[in-house]
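J.: Sequence:
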Amino acid sequence: MAGNPRAVRIAALIQRVVASALESQMHDKRLAGVTVTEVRVTNDLQIAKIYWTQLGRSGHEAGERKRAQQALRQASGRLRTLVGARAGLRLTPTLRFIYDEVPAEATEIEDVLTAAHHRDEAMAKARVNASYAGDPDPYRHDDEEETDGSDSVPDEPAAEDADEADR
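One rule links them: number in the numbering used here = place in the sequence shown (from 1) + 143.
The set of hints was computed from the structure by calculation and includes no laboratory data. Honestly, I wouldn't trust all of these hints.
Below, computed lysine to aspartate or glutamate pairings styled on EDC-like, alpha-carbon distance capped at 16 Å [what the hints assert, rightly or not]:
1. 268 to 244
2. 192 to 243
3. 209 to 244
4. 209 to 181
5. 268 to 243
6. 192 to 244
7. 192 to 181
What follows is a list of derived Cβ distance ranges for each label pair [as the list claims (entries may be wrong)]:
8. 170 to 246: 21 to 29 Å
9. 276 to 245: 40 to 48 Å
10. 166 to 261: 22 to 30 Å
11. 170 to 264: 42 to 50 Å
12. 229 to 268: 32 to 40 Å
13. 241 to 186: 16 to 24 Å
14. 172 to 232: 27 to 35 Å
15. 220 to 178: 18 to 26 Å
16. 186 to 247: 27 to 35 Å
17. 268 to 221: 54 to 62 Å
18. 221 to 251: 33 to 41 Å
19. 185 to 248: 23 to 31 Å
Yeah, the Cβ is synthetic: ideal placement off N, Cα and C, and Gly gets one too.
Given only the sequences and the hints, what does the whole structure look like? Please build it.
T.: Here is the structure:
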């Protein structure tokens with residue numbers, strides 16, 4: 144959707160119609176838990192991509208996702224008829240159902256962040272009683288005399304020495 148206001152309105156309408164139809168009119172057990180997450184309509188209003196997910200399930204057990212995809216494909220004609228009747232469009236968009244991977248990926252990311260948070264807490268607990276391995280500052284000692292700061296490279300050779308080196 145490139146920002147066409149009409150396409151945005153029609154996408155929102157299609158999402159409401161399809162979601163309510165899946166909830167109340169489609170009595171297919173394969174569609175249990177199917178939720179419409181987003182609808183995108185092309186600017187020419189020819190194609191509506193309907194993103195869906197199965198909430199409460201990972202969608203991978205025993206092919207549930209494939210069965211739900213098949214049920215949505217079989218119901219697409221009836222859903223398109225419902226969209227056309229409620230939208231009042233001259234041309235009803237073709238409905239394409241695409242499984243939305245975002246919720247599953249978001250759950251995986253949350254799990255990784257939770258594990259990292261637990262590791263950080265464990266490290267913080269370990270740090271409470273920890274002590275440094277050596278002296279607090281192994282490079283400075285009170286009994287040493289201070290130097291004049293001449294730890295630098297010796298002065299450059301005199302100009303006479305440089306002339307002799309060139310010869």
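J.: Going back to the hint list, which numbers does this structure go against?
T.: 1, 4, 5, 10, 12
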